[in-house]
Each structure stands twice: as structure tokens, then as C-alpha cells.
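Trainee: From first to last, the protein sequence lines stand for chains W and G.
Anchor point for the first sequence: position 205 equals 204 in numbering that gives the first Met the number 0, and the numbering is continuous, going up by one each time.
Anchor point for the second sequence: position 30 equals 29 in numbering that gives the first Met the number 0, and the numbering is continuous, going up by one each time.
Calculated directly from the structure, the hints in this document are not laboratory data.
The model shown is predicted, which means the values in this text are computed figures rather than measured ones.
There's no promise every hint is true.
Because identical chains cannot be distinguished in the list, a pair is counted as satisfied if it fits within a single copy or across any two copies.
Quick list of in silico lysine to any residue cross-link-like pairs, SDA-like style, CA-CA up to 20 Å [unchecked claim]:
| no. | residue 1 | residue 2 |
| --- | --- | --- |
| 1 | Lys231 | Gly363 |
| 2 | Lys136 | His43 |
| 3 | Lys296 | Glu239 |
| 4 | Lys231 | Leu193 |
| 5 | Lys137 | Ile338 |
| 6 | Lys113 | Asn49 |
| 7 | Lys137 | Glu163 |
| 8 | Lys337 | Gly290 |
| 9 | Lys108 | Leu334 |
| 10 | Lys238 | Glu288 |
| 11 | Lys291 | Arg181 |
| 12 | Lys296 | Gln42 |
| 13 | Lys291 | Arg177 |
| 14 | Lys136 | Thr70 |
| 15 | Lys291 | Glu239 |
| 16 | Lys185 | His138 |
| 17 | Lys231 | Leu276 |
| 18 | Lys1 | Ile279 |
| 19 | Lys238 | Asn285 |
| 20 | Lys108 | Gln374 |
| 21 | Lys203 | Val75 |
Number of protein chains: 2
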Amino acid sequence: MKFVSLLGATGSIGQQTLDVIASHPYQFKLSAMSVGRNIEAAQHIIHKFNPEICAVQNEEDAAALQSKVSTNTKIVFGMDGLIEAAVSTKASILVNAVIGSVGLLPTLKAIEAKKTIALANKETLVTAGHIVMREAKKHNVTILPVDSEHSAIFQCLNGEAVDEVEKLILTASGGSFRDRTREELKNVTVKEALNHPNWSMGAKITIDSATMMNKGLEVIEAHWLFSFDYSKIDVILHKESIIHSMVEFADTSIIAHLGQPDMRVPIQYALTYPQRLELINGKRLNLWEVGKLHFQKMDYDRFRCLKLAFDAGEMGGLMPAVLNAANEKAVELFLDGKITFLEIEEMIEQAMLQAVNVSNPELGAIQETDQRTRQFVESLLNKGR
Amino acid sequence: MKFVSLLGATGSIGQQTLDVIASHPYQFKLSAMSVGRNIEAAQHIIHKFNPEICAVQNEEDAAALQSKVSTNTKIVFGMDGLIEAAVSTKASILVNAVIGSVGLLPTLKAIEAKKTIALANKETLVTAGHIVMREAKKHNVTILPVDSEHSAIFQCLNGEAVDEVEKLILTASGGSFRDRTREELKNVTVKEALNHPNWSMGAKITIDSATMMNKGLEVIEAHWLFSFDYSKIDVILHKESIIHSMVEFADTSIIAHLGQPDMRVPIQYALTYPQRLELINGKRLNLWEVGKLHFQKMDYDRFRCLKLAFDAGEMGGLMPAVLNAANEKAVELFLDGKITFLEIEEMIEQAMLQAVNVSNPELGAIQETDQRTRQFVESLLNKGR
């Protein structure tokens with residue numbers, strides 16, 4: 000029996016993690032969880048999974064929730080609560096599926112507590128990859144990817160020697176607007192952007208998929224997870240999202256991971272690694288049903304956010320934190336109808352241009368940069384640009 | 000430095016094995032070899048690689064060859080010579096690339112001599128898989144596949160647990176006639192059959208590729224190499240031959256091996272396993288250059304030879320030997336212009352129908368069946384069917 004702590008239980012990844020846990024009741028038990036402000040959903044989850052602890056965003060919600068659930072489940076709140084949920088139970092693995100840079104601190108605390116980390120929170124590695132990997136190494140903790148692309152690469156590296164790898168090849172569906180020109184992107188709506196062709200995901204990540212920033216963050220994440228230079232990481236357009244990613248070796252062999260677009264696969268793999276379990280109600284992939292797989296060279300002019308992410312990754316230091324915070328804020332503004340789709344990348348670029356970089360920054364500097372960048376992007380809006 | 004014994008040095012696989020050996024002079028040294036009757040080619044190879052021993056088919060050729068090369072290389076002949084080349088040097092690995100059932104005995108002798116076996120000779124496993132794998136287990140010898148499909152599967156199984164495998168999926172290009180109907184197959188010529196769209200191979204294997212018997216033999220080989228029931232082995236049509244084969248796991252994950260159609264990849268992998276080396280002058284695969292990959296459900300009525308192979312495999316015992324010998328003889332008759340393309344499968348089916356099967360046969364019974372089946376097929380020709 001593996002005990003699991005799950006941060007971000009009501010999000011898309013969180014819900015599917017709960018599905019996996021529920022589908023293998025003799026293998027997994029939820030011992031801690033967090034939600035944001037969806038108290039009703041939290042109540043249902045607590046009723047079903049009976050965790051020891053549940054963290055919510057604020058004190059008021061915590062009191063309201065505690066009054067509705069058994070005292071077997073302790074309700075905590077705020078960042079302290081989130082960290083308590085991450086570290087305090089006998090969970091051997093932390094699934095970090097919170098969205099945004101709030102996921103960083105609990106991850107670091109869980110590493111100190113020697114929990115295996117299953118990481119769906121990209122920002123943790125993007126903004127502080129050097130710290131996270133340094134701490135993971137120091138405490139001899141395994142970081143398991145939950146992203147479909149990184150899980151694919153991780154699986155393709157099974158039994159292989161890292162120094163025989165020529166290249167990591169991440170596949171990108173191209174998102175909601177893959178077939179539109181830049182000209183056509185000028186007036187796209189929020190609703191159109193949220194209509195992803197292959198994956199059903201949360202709003203922020205669906206927009207990131209449309210801008211290709213999602214792939215950019217994954218490139219930076221891959222750099223840290225697998226310790227490869229950016230020159231050894233490639234992105235290829237593959238609209239069916241059937242090949243989830245690939246690894247090319249010195250002998251020209253390419254090992255690829257294929258499957259249905261089902262996030263439960265990487266989630267379950269992180270939970271069962273190094274074993275595999277049956278995916279309950281999983282749909283098997285018949286390639287003859289798919290018929291054709293398409294591939295296209297990545298166009299870095301068309302997808303400027305991906306180029307910005309490679310740039311930020313190569314610059315290193317604070318720059319990925321700038322990229323990420325500017326993107327989070329800009330996507331928020333886009334979802335709120337305050338800026339256009341193409342202004343997302345413009346704002347990120349401006350934020351990167353104004354940033355003062357330092358190498359190997361500590362947590363405080365990263366958090367400060369995160370805040371300052373968000374304010375800067377906000378100020379762009381007020382200036383009317 | 001790894002010392003290599005190579006049987007079948009002048010064939011397609013043999014030549015490419017020599018290329019790999021020559022391309023890594025600090026890693027590999029040819030210490031023994033065999034050829035059939037191509038004495039001139041043997042002379043060149045001996046001059047270049049200076050092996051300790053070279054086996055040829057007959058005594059006359061042996062004498063002629065010995066007179067032309069240094070006495071550093073001992074020339075031997077016949078089956079005894081072939082076995083001597085397989086076992087007598089300090090080679091740690093035997094690459095068995097001879098064509099046909101003549102490859103069986105040297106393989107068994109090399110297993111007894113505790114050599115690692117790199118097997119390009121399908122018939123060895125097809126006709127006597129139960130004996131070969133039993134002996135390999137007994138002598139703790141590794142059998143490494145050299146076929147592109149089996150090497151792909153072997154690589155996809157790296158670091159994985161066999162009991163978590165759902166299915167092996169072999170890809171088949173469809174061969175020279177993949178787009179023709181059965182009606183159109185009636186009058187195809189030998190020349191047309193020899194024109195394979197993706198791979199440059201020998202005549203026998205190119206015909207086997209057109210009849211799909213090649214895939215059938217691979218299915219039986221996969222059954223023995225990886226110890227999977229035939230119900231867990233699938234074949235899918237994939238005309239580009241870019242995905243070389245796949246493994247599907249319990250969690251619906253599929254791991255695939257991709258690459259250019261270059262037999263040096265599986266050959267070199269067998270020589271370097273478990274490491275990988277750079278493939279010298281290897282062409283890397285860019286999927287965006289390929290653009291599209293196509294997949295189609297296998298049609299067992301269209302490709303009757305594949306169905307016959309599954310049947311023979313499932314029946315077991317002597318039946319794969321009957322299938323193989325009937326196929327070898329029928330292909331020979333087709334290449335000689337004595338029968339039509341579709342008569343190949345008819346002859347194999349008739350040979351299977353007349354055969355008396357026994358389970359778990361020993362070597363003598365297999366060899367006797369091989370001879371009797373060839374005679375039976377020959378007799379079909381004389382009867383005018």
C-alpha cells in the first residue's frame with residue numbers, strides 16, 4: 000500500500016490522480032490533499048477518500064469545511080497548511096498538481112522530508128530547477144514527471160545510459176490554433192483558445208498550449224529533469240498527440256512513447272514506478288484506427304513563446320522565473336478579456352527585456368522576481384502599451 | 000575489444016556486420032567467418048579483416064581459397080567447418096547470418112561453447128526454438144536478435160518487466176506487393192517481387208517480405224525470443240518501415256523503436272549491447288522530413304502466408320519446421336520461374352496439411368521433417384498439381 004499526498008486535488012490532474020487512486024484501492028491510499036477555494040468539491044473528496052489532512056487556501060474556508068467533515072480529517076490553510084499537507088503524513092509520495100508558482104515551496108519541503116515527488120506543477124522546475132534538483136540530489140529523492148511528455152521521455156530512458164542520448168524530442172500538438180497564421184491569431188477569442196483539439200485540461204494550460212508556452216515550459220522542465228543542454232532538446236509538431244515524446248540515441252535509434260491522450264497514464268506511472276499496473280477503463284491505442292500520424296518542423300517565428308522559453312532557459316538564472324511569471328499574469332489578463340492573444344507573447348518579451356538577471360539565484364530572489372514581474376506586466380496594461 | 004565470429008559473411012547482413020566491425024576498429028575484431036561459395040569475396044574479407052578461421056561450403060573451394068590467402072587464416076569446409084568457425088576462436092559473440100536451416104547446428108554448438116548469439120538466421124528459432132531457448136537457458140547464454148523488428152522489441156523491453164507486457168506489435172511494410180489485390184498477384188514476376196520498397200535485402204528474404212512469410216517467421220521467432228503466447232503477438236501494416244516494432248504494456252503505454260531502415264542499427268546494437276555506440280555514417284531520422292506515418296489493420300486473407308505462420312506457430316512441434324522448409328523450397332521454385340507467386344502459399348498449405356505433427360521434437364526429427372517437406376513440395380511440382 001502506497002500512501003499519497005495530493006496537492007491540487009480539484010484540478011484536472013488532481014481529479015485524475017484521485018481516479019487512479021480509487022481504481023487501485025489495494026495499491027493506493029490518499030493520506031493528504033489540498034484544494035484552492037472549491038470547498039464543496041473538497042467535502043466530496045474527503046468523504047470518499049478520508050485523508051488525514053486537507054489544506055485549503057484561506058482560514059474562513061478552513062473553518063467552514065471543518066464543520067462539514069469528520070474530525071478524522073484535519074483542515075489546515077494557507078502556505079503553512081499546504082506545506083503541512085505535503086510533508087506531515089506518512090505519504091511516501093507527493094503528487095504536486097497545483098497550478099502556478101505556489102507549488103514550489105511545498106515541493107522543496109517534501110524533498111527535505113524525503114518524499115518521492117511526482118511533479119505535475121511545471122513552475123516548480125521552471126523557476127527553480129537548479130534548487131529543486133540540487134535538493135533532490137542532496138536528499139537522494141526521486142523526481143518523477145507527471146506531464147505526458149516528460150513521463151514519455153522518462154519511460155523511453157528506462158534501462159538506457161544518459162551519455163548515449165543524442166537528443167530529447169518533445170512532441171507538440173500545436174494547440175487550439177495550430178492551423179492559423181499569425182495574422183489570423185490577432186482576433187481570436189478566449190473561447191476559441193480554450194478549445195484544445197486533443198487534451199481536456201485546465202484553462203491556464205490550454206492557453207499555454209495555444210501559445211506553445213506550455214511546450215516552452217516543458218523544454219525548461221526537461222532540461223532540469225534529465226540534465227540535458229538546450230541544444231539537445233528538440234520540439235516537433237505532431238498534431239495527433241499520439242507519440243507523446245521521444246529519445247534519440249547515439250546509434251540513431253529513436254525510442255518513443257505512444258498512447259491515447261489520457262493523463263491517467265503518466266499519473267499512474269509516477270505512482271507505480273518502476274512497476275506498471277493495468278490502467279482501469281483505459282482505452283488501448285490501435286494505430287490502424289488512427290491511420291496516420293503527422294509531423295511538421297517546428298516554426299519558431301510562428302510560435303514565438305516557444306522561442307522565448309528556449310531563450311530564457313539558455314539565459315538561465317532568474318530568466319525562467321521572469322518568463323513564467325510574465326506568462327501567468329499575461330494569460331490571466333487574456334482570460335479576463337483585458338488583452339488580446341498575441342499580446343501575451345509581447346508582454347512576456349517586454350518583461351524579459353526589462354529584467355536584470357543573476358545566475359544561480361536563491362529562493363528569495365526568485366519569489367521577488369516573480370512578484371516584480373507580475374507587477375511589471377500589470378503596469379504594461381495600465382500604461383495602455 | 001570484442002572478438003566476433005560471423006557466419007554468412009558475404010550475405011546482406013554479413014556485409015553490414017563487416018561494415019560495423021570496420022567502423023569501430025577499437026571495439027571489434029573479426030576472428031572467424033564463413034561464406035558459401037563466393038570465394039572471391041571471401042578472399043577480400045580475409046585480406047581486410049585477417050580472421051583466424053574461414054569456413055566455406057566445399058572442400059574444393061577450401062583448397063582454392065587457402066592457396067590464395069595467408070596461412071594465418073585457416074580455411075575449413077562443410078558443416079564441420081561451419082561449426083569450427085562458430086566455436087573454435089576466442090570470439091565472445093557469434094553473429095549467425097547464414098540463410099536457411101543450415102544455421103541451426105552451428106548455433107546450438109556455439110551455445111554449448113557459451114558464446115553470446117546474435118541471431119539474424121530466423122530459421123534457427125523458427126524450426127527449433129524450443130531446443131535453442133532450452134539450451135540457451137541451460138548454458139546461461141544470451142540470444143540477441145539482429146532482425147530490425149526483434150531488435151526493436153528487445154530495445155523497447157529495456158528496463159521493463161515482461162509480466163507487465165500486454166502485447167508485442169510487429170510492424171510489416173507489406174513488401175513489394177502491398178498495394179495489390181490477390182487477383183493482381185496471380186501474374187506477378189520474379190523481378191517485380193524482388194523490388195522491395197524500403198529495405199535492400201537478399202532475394203529469399205525479399206520474396207518472404209512480399210508473401211508476408213517473413214513477418215510470419217518473425218512472429219514465431221518473437222514467440223521464442225521473448226516467451227510470449229501467439230495471442231500476445233500482433234502484426235500491423237506500416238508501409239514506411241519507420242516504426243520498427245512496438246511493445247504495449249498493461250497501463251496502455253506503447254514503447255516503440257523508430258529509425259531509418261538501416262540494418263546496421265540492429266546489428267551494431269547486438270554487438271554493443273547493453274551499450275550503444277555512434278553509428279558511423281548513420282542517417283538520423285527527422286520525422287518532419289518523413290511527414291506522415293501510415294498504419295493499416297493486417298488482412299490475414301490477403302496475406303495468407305502470415306496466417307499459415309500463426310497457425311504453424313500455435314500448432315507447434317514440427318509444424319514450424321514444415322512451414323519453413325516448404326517455404327524455402329517454394330520460394331526457390333518461384334525464383335527459378337517454376338511456379339507462380341500465389342503457388343508459394345498453396346504449396347506451404349499443402350505441406351502443412353500432409354504433415355504428421357509431434358510435440359517437442361528433437362533435432363533429428365526436425366532435420367528429417369525439413370528434408371521430407373522439401374521432397375514433398377518438389378513432388379507437388381512433378382505431379383503438376
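Trainee: Between copies, within a copy, both or neither: which fits Lys136 and His43 at Cα up to 20 Å?
Mentor: Neither. Shortest intra-copy (37 Å) and inter-copy (54 Å) distances fail the 20 Å Cα cut-off.
Trainee: With identical chains treated as interchangeable, where does the CA-CA distance between Lys231 and Leu193 reach 20 Å or less: within a copy, between copies, both, or neither?
Mentor: Neither. Shortest intra-copy (31 Å) and inter-copy (40 Å) distances fail the 20 Å Cα cut-off.
Trainee: Indicate which option fits the pair Lys137, Glu163 if close means a Cα-Cα distance not exceeding 20 Å: within, between, both or neither.
Mentor: neither (25 Å within a copy, 33 Å between copies)
Trainee: Since the copies are identical, ignore which copy is meant and state whether Lys296 and Gln42 lie within 20 Å (CA to CA) inside a copy, between copies, both or neither.
Mentor: neither (47 Å within a copy, 47 Å between copies)
Trainee: Using 20 Å as the alpha-carbon threshold, which applies to Lys296 and Glu239: within, between, both, or neither?
Mentor: both (15 Å within a copy, 19 Å between copies)
Trainee: How do Lys238 and Asn285 come out at 20 Å by Cα distance, when the copy is not named: within, between, both, or neither?
Mentor: Answer is both; intra-copy 17 Å and inter-copy 16 Å each pass.
Trainee: When no copy is specified for Lys108 and Leu334, does a C-alpha distance of 20 Å or less occur within a copy, between copies, both, or neither?
Mentor: Answer is neither: 32 Å inside a copy and 71 Å across each miss the 20 Å cutoff.
Trainee: Could you figure out if Lys291 and Arg177 sit no more than 20 Å apart (CA to CA) within one copy, between two copies, both or neither?
Mentor: both (18 Å within a copy, 17 Å between copies)
Trainee: How do Lys113 and Asn49 come out at 20 Å by Cα distance, when the copy is not named: within, between, both, or neither?
Mentor: neither (24 Å within a copy, 58 Å between copies)
Trainee: Is the C-alpha distance from Lys136 to Thr70 at most 20 Å within one copy, between copies, in both cases, or in neither?
Mentor: Neither, since 37 Å and 59 Å both go past 20 Å.
Trainee: Is it within, between, both, or neither for Lys291 and Glu239, if the alpha carbons may be no more than 20 Å apart?
Mentor: both (9 Å within a copy, 11 Å between copies)
Trainee: Between Lys291 and Arg181, at a C-alpha cutoff of 20 Å, which is it: within one copy, between copies, both, or neither?
Mentor: Answer is neither; intra-copy 27 Å and inter-copy 25 Å both fail.
The structure does not agree with the numbered hints 1, 2, 4, 5, 6, 7, 8, 9, 11, 12, 14, 16, 20 and 21 stated previously, though it agrees with the rest.
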